[in-house]
Amino acid sequence: MVSQTVKDLTSGTAGGVAQVLVGQPFDLVKVRMQTSPPGTYKSVLECAALVVKNEGPLAFYKGTLTPLLGIGLCVSIQFAALNSTKRYFSERNGPGKDLGYGQLFTAGVAAGLANSVIAGPVEHIRIRLQTQPNVTPKLYLGPWDCAKKLYAHNGLQGIFKGQVPTLIREGLGYGAYFCAYEALVQRHINSTGLKREEITSGYTVLYGAAAGYALWGCIYPIDVIKSKLQTDSFTASTGQKYTSSLDCFRKVWAKEGVSGFTRGLGPTLIRSPFSNGATFIGYELMMGFLTRRESDGTVASA
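Heads up: the sequence shown begins at 1 in full-length UniProt numbering, then just goes up one per residue.
The set of hints was computed from the structure by calculation and includes no laboratory data.
Computed cross-link-like contacts, DSSO-like style, restricted to lysine-lysine with a CA-CA straight-line distance of at most 27 Å:
| no. | residue 1 | residue 2 |
| --- | --- | --- |
| 1 | K7 | K195 |
| 2 | K148 | K62 |
| 3 | K241 | K138 |
| 4 | K241 | K62 |
| 5 | K42 | K62 |
| 6 | K148 | K138 |
| 7 | K7 | K97 |
| 8 | K62 | K138 |
| 9 | K241 | K251 |
| 10 | K255 | K241 |
| 11 | K42 | K53 |
| 12 | K241 | K148 |
| 13 | K86 | K97 |
| 14 | K241 | K149 |
| 15 | K97 | K195 |
| 16 | K251 | K42 |
| 17 | K62 | K149 |
| 18 | K138 | K53 |
| 19 | K86 | K7 |
| 20 | K255 | K42 |
| 21 | K195 | K86 |
| 22 | K42 | K241 |
| 23 | K149 | K138 |
When you get a sec, could you build the whole thing from the sequences and use the hints?
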């Protein structure tokens, strides 16, 4: 019999891989718009068009190997932590009682914090690769080369640059994310009498999209700060712009106001229903497959 934790991790990995493959092109455009000087791109479409013109269509998948491995692991940890916390609350509530919004939010916070230790370095390396100039020779030859150079010059501090806003983003964002998704699924089950694995893919995508909008609605300005810190230099002598998350916030606000914290929001909102829908489709399909396989094995051995 496969343990529930193994099923959570395996299904989460499937969801994470689906998320990266679908969402990576949108994420590259988002990061370019977040981290470029004001006025570099007039619109999302212009940014995307310039990427194709100057770097070719494969540029949309720059730095994909790192998130494909890392985000797959992150999402598997997210779902394992989420479901473990949900089971804890379910045992406390007693049989037949739904989890409350506060419990669902707390489970989501646990999921976000659990994966943040991996998400921070993975996203830092991905952003460095996504934003490096299209010149020869390249500063970073790939994710492993990037990680080695960051560590060689700056140690663990270099690898974990931007970790404070990452922790805040992951905790708050995934609290909202999983609370929204699980509450919608819970409501669907109660109103239809269906089992979780019987919910159609269309509803899964719809609820995943709603969860994505809940996440980004809470944390987008924090994500902007994280991206700016993770593309910044490490010392004043090499052109460092920001000394901390708070310093970054103050300088962006003073220079650009509210608009400085919303650049790149367009591709994020476009990406959300696709990438988050894919995440939950991948997760739910794999979990359903593992559950059915386990059930069939139990019946066969009876």
